[in-house]
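Asks: Please build the complex by placing chain B on the supplied structure of chain A, with the hints as guidance.
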Amino acid sequence: MVSGLINANPVIYEKKERRARTAPSAPHDEYAVEPIDQQEIFDHIRDIKDPEHPYSLEELKVITEEAVEVDDQQNYVRVTFTPTVEHCSMATIIGLCLRVKLMRSLPSRYKVDIRVAPGSHATETAVNKQLNDKERVAAALENPNLLDMVDECLAPSYD
Amino acid sequence: MAEATQLTRHIESYVDSSSSLTHQAATLNAIAALVKTDALPLQALVRELDMYLTTTDNVIRARGILLLAEVITRIESKPLDSAIIHSLVGFFKDRLVNWRAVRGALVGCLALIRRKSVVGMVTGSDATAIAQSFLQYMQVQSLGQYDRKLCFELLDCLLERYSDVVTTLGEDLIYGICEAIDAEKDPECLMLAFHIVESLAQLYPDSSGLLASFAKDVFDILEPYFPIHFTHPSSGDTPVQRDDLSKSLMSAFSSTPLFEPFVIPLLLEKLSSSLHSAKIDSLKYLRVCSSKYGAEKIAKYARAIWSSVKDTLSTYLGEPKFSFTIAPVDGIGFPENEIGIEALSLLQQLIVQNSKKKKLHAIGRILYITAKSTISSCNAVFENLFSRMMDDLGFSVSNADSFSNGDIFTSQRVKFGFLYLCIELLAGCKELIVGSDKPALQYVFEHETCCIMLHRFSTQLLNAFGSVLAVSAERCPLDPDIYIGVKGLQILATFQSDVFPIQKSIFENILNKIMSIIMEDFEKTILWESALKALCHVGSFVQMFHESEKAMSYRSLVVEKIVELLSLDDITLPFSLKVEALSNVGMTGRKNMLTILQGLGTAVLANLSKVHRNVRSSETAVQLLECYSCKLLPWIHENGGTEDFAVQFALDIWSQAGNCMDFSAPFVEKGLLDAIMKAMKLSVGSCVVESQNLIIQNAYSILSSHTNFQLKEVETLPLTPGKYDISLRDEGIISLFASVVVAVHPKTHIPDIRVLMHLFIITLLRGVVPVAQALGSILNKLVSTSNSAENSGDLTLEEALDVIFNTKICFSSTDMLQRCNGTSNGNEMVLTDICLGIANDRLLQINAICGLSWIGKGLLLRGHEKIKDITKIFMECLISGTKSALPLIKDSLENTEEQIQDPLVMKCAADAFHVLMSDSEVCLNRKFHATIRPLYKQRFFSSVMPIILQLITKSYSSLSRSFLYRAFAHIMSDTSMVAILSEAKKLIPVLLDCLSMLTEDIQDKDMLYGLLLVLSGMLTEKNGQEAVIENAHIIINCLIKLVDYPHKMLVRETAIQCLVALSELPHARIYPMRTQVLRAISTCLDDTKRAVRYEAVKCRQTWWVHNFFFIECVQFYLVQLLLYLPIFTFLLDLLIGRQCHPEVFISEVQYQLP
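Those sequence lines, one after another, are chains A and B.
No gaps in the numbering here: position 120 of the first sequence is 120 in this note's numbering, and each next residue is one more.
No gaps in the numbering here: position 201 of the second sequence is 201 in this note's numbering, and each next residue is one more.
Here chain B stands alone, though its shape is the one from the complex:
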């Protein structure tokens, strides 16, 4: 009994809230000891406590319940009967309802839940009951700090130990947890709360499970805590530190991939915050999250993460600080570096995680930028990754030296991924070195880790790249990425030698390797091209940074070898590729270009000398000459090279032309002659006047000595077509000479110009076109009398014109006389007479017209009056057969009978307008120093067009009209839109007729297209609208005919586009045409060409929509009208009712279907 009284006393003193804490604890321990030693059975205690547990006094009841709970806590290792446990659970869980006694209930529940199975634990159903009761009655956030902590502990424990049974609570559980955690501020509670979330996530891992729908809600509660911001003193007595809390939150964040859509954007956002801790935390969290969520989830953020990380890196490692180089870079005292290191380790995580090829590129870029940004980051990457990669590649720091030079790897050992990363890393490092031009920094580089490591591994890398090339070609020849080896070699070769000197032997090895690809692997196009690119890159690098030693190696190993290739026939490398390599390597620098040019020049001459023996050498020469004129010469021009070579080359070709003569070898092929002429023109055109003088003198001497032209006699004797028969070889030489004349400067002195002009006129009549171009060019550049006072020795423009238009040409042969049937001056006539057909020789006439057109062009460009006369001659050719009204030819034709011109002659005359108007590539352009008056085309257009229009209306013969149309088309296609628009009203009808005429002959399809473009220009220009509106009907009719023009797709496409443009016109004008247009367009929907079909769909829609719009407008107005005139209702229905409804269309189409 004594025990009982003692127990009562203990209980009394505990329940009495006025007693001290220590006293309470002592009594509690005493009671617990009694129970533990079985001196006092638990049932007895409960019975004893009965009054305290059920009293209505809240304070005493709470103390009583707490006493029981605390006792149970203390006897956790004492085995208890399951029935007792069950009843205790029932008791405590019911007490959760009563907020006054809640602490006791919580402590009790917690104590019970924590019991291990060996001493009797709570059953699953009891645990569920506790959880249910808790979720139902507890308002966690209304409790005090300690009680809240208990709550969280209880929840945590439940989730931890009874996860299987609480799962069944489902939504209630999640909801209750959210409610409990919401707005919690106490660090200790938060630690638990974060852990609860983590456990919760493990309960519902399924991506389509319950948590998935609540993930957003749960995360909304967690989100405000990031980044952890701690106002408590960091070193105070608080048991929880900021870092612990941060780590705990991190595990909550990363607990489930379900949070991914919310976490990553938040982290990325915080990464850009200005708070240091936020940045560091974001990076840490990103790293952990990305490892937890898995590569697939993170993949879509890769870009965003990368850009943020890049920003971070560049902000914190961006400025190359000198302090870095002075102090050891180990991060101490540099908060920035901490961030940098975090960022780097995040990247590392990403790298480890991903291994697919696509990712590889991303990582490659990351490494590249990282290495590029600063020395410290570069060093960091090298230290962390490079040696590891090297290990993986098969060479480690320790055995680096054991690999002797030239050790070749077996193919299995080469790992593409690592090699790729290596290359990106190297590229970044190189950029870094190139980018820093401060000498102080450069000095430091040599002792930087990255450089030291690079140095150590350079030989191995070279070998690895070499062997990867050998392997890759066998594996997958079509994948360009496979040729990374080339890039690697290139990077290795382009390190600046004063910063990072690679050995000369290595550099030469690299060049040799690339060259061997160039010479042998031409069948693998991609590899070959990348090798060539790399070669050029190395070449220009060597030039740019004045690396004399490397430049020497480059020149001897690459440039000279490539030149050698030209003369070697035994190498299988196709010649076109040789030429490509030649030009590309030449463009790496001026010195190299000179060597290349020398080589090319020799090769050309060697081949020219063999032309008559060997057909292949002619082809070779053509290719070389093309390369010279299209690639090398423009490059020299742009890069300010000297013209010495061009001059020498021109002279050499002339001497070779002379040699060819000696062997009496004609220029076998037209192609070769054209190529030589082009090269000659461009060479001469790029020289200064003095050099041009030299060349032309030289050329003239060869012309006079090596041809059968009797230059001395030409001037004294009258020009006779008897001297016609020019040999092919002479024609070649004179063409070549003409090309020199075409290209010279106006100030260049042309020797014996009068004689030459006579010679040109004769050869012109033989149909040698370049000669006509030379004549045109001479006339274009000569100085006219008025301002040529200083050098009176030269021929003036007026004299030259006199030579051309008044030199009598004799026809001595008898047959010619007969055919001339006694014209004006017997057998003498001038050039213009021949053009008009007085000689009655069709070929002669055509040649003359063609020549005259080039002469005319020369005059037209400088804006000379004489062009009018020439135009009139052409027109006369076009209209002959009708009575002439032009005064100039009236005189000459006075005595001749009316004659019908040959259609070929008329065609030639019409095409002369094309020569006059078009921009020529061959001569008379700025490149060849032509005098070009501004707006000459417009002037010509406005002077000629009225005449042509007049002639067209007057002409009665359909033949001559069709050729007038042709001339019209030529002029129109080459005149600027502004000039045409001002005359649009008059031109459009003619233009349309012309279009329909051109559809007749398939040969004219390009001309047709050119003219159609003019029309479409008129349709789209604002200024042309008025004329277009007026002629809308005929334009549409014409276009409808063109939309199925079978011979040129572009014509059809443009015609449809024109129709689209026309749909913009006022509806009243085009409405009547819509049925026709829609019908025509619907056939275009079935065009053979896709582009046409697309345009047709668009066109149909615009016409369709406008149609509706128009009808709506009409309807609107008519309805207005109807308000006043209801009697017309039925009429209106008749008028528009059925027309505008779509169903008509639909049913039509539908019923057509099979």
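Isolated chain A, as found in the complex:
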């Protein structure tokens, strides 16, 4: 095991206040559609724990609400995340967590695209490629250690 953390002293940011949704729909719009939006997707992933710190991705500003793009009509979601340090080897794990969480939370019609923010990582293209290659994602999840790690990171986001 390599000793020491990749980023020993990350900057912790304040959590954004959870915006309350407007009052629950009155009986008359029982059939009104509430489309999946940016905030909803962000709510799914904001509480995912960082793989090496007991903080959420939101607290570390790895993800922000603005970094989520969603098109409900086209069934498309793109999440752009920013690793805390450029050489962060955890970037792939974080990306994997985001992918797994969205896969489990969104309807199957969605195509999920996870990528590292441009310029925020040393091996940006490699990470992006790895995260969006379904064979590699599947292979990664077959590794029980990796799967345990992902599940551990996802656990707080289900509370």
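Keep in mind the hints are simulated off the structure, nothing from the lab.
One should not assume that every hint holds.
Claimed, not checked - A few chain B positions that, by computed beta-carbon distances, are all more than 12 angstroms from chain A:
{"hint": "1", "residue": "Ile75"}
{"hint": "2", "residue": "Ile221"}
{"hint": "3", "residue": "Tyr225"}
{"hint": "4", "residue": "Ser251"}
{"hint": "5", "residue": "Ser272"}
{"hint": "6", "residue": "Glu643"}
{"hint": "7", "residue": "Asp993"}
{"hint": "8", "residue": "Ser1016"}
{"hint": "9", "residue": "Cys1084"}
{"hint": "10", "residue": "Arg1100"}
What the hints assert, rightly or not - Label pairs and their calculated CB-CB ranges:
{"hint": "11", "chain 1": "B", "residue 1": "Asn614", "chain 2": "A", "residue 2": "Glu69", "range": "33 to 39 angstroms"}
{"hint": "12", "chain 1": "A", "residue 1": "Asp159", "chain 2": "B", "residue 2": "Asp243", "range": "28 to 34 angstroms"}
{"hint": "13", "chain 1": "B", "residue 1": "Glu638", "chain 2": "A", "residue 2": "Asp151", "range": "52 to 58 angstroms"}
Quantities reported herein were computed from a predicted structural model and do not represent experimental measurements.
Built from N, CA and C at the ideal position, the CB exists for glycine as well.
Replies: Okay, now just chain B, sitting in the frame of chain A:
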């Protein structure tokens, strides 16, 4: 030569360490004079000294070097050649290595460095060389005090005069300085050391520069010195005083914002120390630091600083000491006050520094608390700030009087910020006055600065607030903060008059201003609401403090005006707002409430009399009545008001009902009738028995005189539906009468009760529901024979039951006879017969069932046996078409042929169970004095449920079964969980069938939801687990059908929650269902409603995790097994190998993607 020998002698005597100090100084001066007058060139001196400077005898060499250095010090104003300077620098800096000669070297370096440019100064490179040498060789802390001081002076000088070149030394410099200062204890040295840090900070001001990374280290060295603690005698001969040192440290602390992360927490910590000096220092330092660091840096500490300062203030100014008021409060002899003043000036600093709106709030709070804490602090704030704010607002102390009353400001002159602060200040001051209830203190207030100043400015403030209101509305109508003017007015109006008397005219002006907002600015909702709130606040304040004079003004200007508004039609203010204002103002006090009620009563009656002419007045009346029943009446009840008004109001309405009759005007609208009935019920319900008697007598006389009911004949003649055709107006009156009956106390005497019951039965058959409720209410409250010995004149319960169940109802009309096709007693039958459909008139039957349900409810609540018979009738309606096994109706049905009930009738019978079980707001509740037996629902449940379950299993027709389910659902939804849980095993299968039946009709969605809640209760309760486990499969199947129920979101959400609860069950039970559940849930992820989607995500995860957990367990056991049976390895792989792996799932999903 003589000079040379003399020089040698001088040198000899100086170098000789045994000679006296004065002698040494004299010789030194002599030599210096020689050099200065050019009698002896410096080169010559050096040559002369040569031996002394290079000898191996340490003492003599040191003296020699010192001599040279001292001479150079003394000729600082003599111009020197740059070459000479350069060589001297080289000489001295090299000598720094040798600790024995270090003093001379230091003095020399210092002397050279200090030289001004006109007389030839050290070049930049030479200075760097000195600094380098110093940093490399000097161990400052190992030197004596004087040498250390020299070191620091040298460093200080270098930083001061050669800042540009020493900067290049970078880390070495900072490191060297840290090392030099570390653990320094001498005050003089420290003074220099602190100054060095300050200079250092100016060298590297960049926030990302070199110092940034060393800030922590540098500060760690400074930190132990705070607070400066001095053990030297304060007035001794030490040149440095504690205050100097403290100031110097303060400038070091505040020298760079880079220290901010360390300084502020330290200061805050020390602020709470018990040491006085620490506290004062902390406050001082905080003030200076916050001004130096800038608002942005300090902003994040604002809260912490504020709370510490608040604590400090409250500790040191908190106790209102009488000594304050006796002695002049100028701080002399009060160490506490010093702290208070420091704290205040810190606050002042913060205030000056910040001007943004966000900050304004913080400062406002600070001022508020400061003013609130004590008189002295309040005075201090007023003296320091209030007059300044007033100046900024445009009125100063000097010209305060020149502003005559009513002077209005131009809009540009109003400054929101200052006005806001003013208001906070006033609020604090007010709190202070209100909070101190000691009369002695109150007396003093009048002569306090704050009060005097307030007094002087009260008119101006009033005008300012007024004009700010006018301006604000135009600028930004959506920002609530903009309406501070209202708050200002409110505060001004709520000063206690015995402490701070504001003039009556000002008070009235304030009220007028607020009232004008109420009447005109109703379109600006926020302003209007805040104005109303302020008005109410002033009202309750006036009441609370018994300010009779103000109360009079309030009553005439506000209360009466608002009452007047009701009758004025020309004002554009919407009526709903009028009513809101009315109720709110009424709630300020009992006297006001009475006035308001009177006004309301008149308005209601006036509108009622116009109902038939004017549709609008009917709407108006409804609104007023709603306000009366929902707001005013409960308030009176809570605040112990008298019931006089309620009685009078009820009587007035009755007389008006009579008048309406005279005009032969029907109650035009159902809404109006409902509103009147509600108001009537609540009024009557809140009265005592005597008043109720009065009202009911009155009502009865109107019922008998103003309607077409022949009350006299009702009893003597048999009840005939021929008298059916009740006019709308009669129906209204009898409903109103019924509402009185519903609300009366059991002890209240109802006149002619037997006649009334007959009348009620007839009208009940016409479908007048309130009448049925009145019957139920009568039965609920009557005394039964066994314990009614005292007043035999009254009707007993048994007699009443007899009236209801045995009174024959005649059908005289011929068509009815034909339809009756010759039933039992020709054309006479009792109520229960009609319920069973013997009259063959569907509408009649439905009305009868509905009426019977209310009667039943009355009996059920008191726990009477008769309810069983009534229930049986309902059941009979539900199951007709099948052979009856119930003995009661067997007799009556003996002769009749089997008949199929109309579905509407069956539905009505099923819904009767809803009436029986649910808690009604309209009648038969505690508010209306009903007799309610504890646990009646459970009793009913346990007696009825077995029968219903039995009937459900027996019923063959799907129609009757569906209505039995309906009845079942009603009973289940209203029974407490405890009772249900004990029967859970039997109930769950039926309940599930019932759920799936209810999904068929969209009308039943609320019932479906109610029943689903029962199920979810069973799932979450521990006691229900066993039954749930047994039925897990069917429950899950049923829930899976409900998760996409399209008509109600709550149903879907609850169903998913139930599934989550089910995932807690033993894995062996639920494992087979997981595929189905996951499939169903995955469609819910795409639900139209967000709440459902969230629940679905959670549900999916729990089922997912359990799934894995289960497989792990199985794997574990199987592996154990495999140790003994290796032959089954490949079988195991087949069995679970692929099933549990996530990649199957992932690849599935992935390949579905476009």
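Asks: Taking C-beta pairs only, is B:Ser272 more than 12 angstroms away from all of chain A?
Replies: Consistent with the label, B:Ser272 stays out of reach of chain A, its closest Cβ about 25 angstroms off (over 12 angstroms).
Asks: The output says B:Cys1084 does not contact chain A. Does that hold with a beta carbon cutoff of 12 angstroms?
Replies: Violated, because the least Cβ-Cβ distance between B:Cys1084 and chain A comes to about 9 angstroms, which does not exceed 12 angstroms.
Asks: Is the nearest CB of chain A more than 12 angstroms from the CB of B:Arg1100?
Replies: Label violated. Min Cβ-Cβ 6 angstroms, cutoff 12 angstroms.
Asks: For the range 33 to 39 angstroms, tell me whether the beta carbons of B:Asn614 and A:Glu69 fit it or not.
Replies: 60 angstroms, violated
Asks: Regarding the assertion that B:Tyr225 does not contact chain A, is the least Cβ-Cβ distance greater than 12 angstroms?
Replies: For B:Tyr225, whose nearest Cβ neighbour in chain A is about 28 angstroms away, the distance exceeds 12 angstroms, so it holds.
Asks: Does the beta carbon distance between B:Glu638 and A:Asp151 stay inside 52 to 58 angstroms, or does it fall outside?
Replies: 55 angstroms, holds
Asks: Just want to verify: B:Ser1016 was marked as not at the interface with chain A; is every Cβ pair farther apart than 12 angstroms?
Replies: For B:Ser1016, whose nearest Cβ neighbour in chain A is about 18 angstroms away, the distance exceeds 12 angstroms, so it holds.
Asks: Against chain A, does B:Glu643 keep a CB gap of more than 12 angstroms to every residue?
Replies: For B:Glu643, whose nearest Cβ neighbour in chain A is about 38 angstroms away, the distance exceeds 12 angstroms, so it holds.
Asks: Non-interface claim for B:Ile221: all C-beta distances to chain A beyond 12 angstroms?
Replies: Consistent with the label, B:Ile221 stays out of reach of chain A, its closest Cβ about 23 angstroms off (over 12 angstroms).
Asks: May I ask you to check that B:Ser251 keeps its beta-carbon over 12 angstroms from the closest beta-carbon of chain A?
Replies: Non-interface label on B:Ser251 holds, nearest chain A Cβ at 31 angstroms vs cutoff 12 angstroms.
Asks: Could you check that no beta carbon of chain A comes within 12 angstroms of the beta carbon of B:Ile75?
Replies: Fine: 56 angstroms to the nearest Cβ keeps B:Ile75 off the interface.
Asks: Would the non-interface assignment of B:Asp993 survive a Cβ cutoff of 12 angstroms against chain A?
Replies: Answer for B:Asp993: holds, closest chain A Cβ roughly 25 angstroms.
Hint compliance for this structure: hints 9, 10, 11, 12 are not met, and every other hint is.
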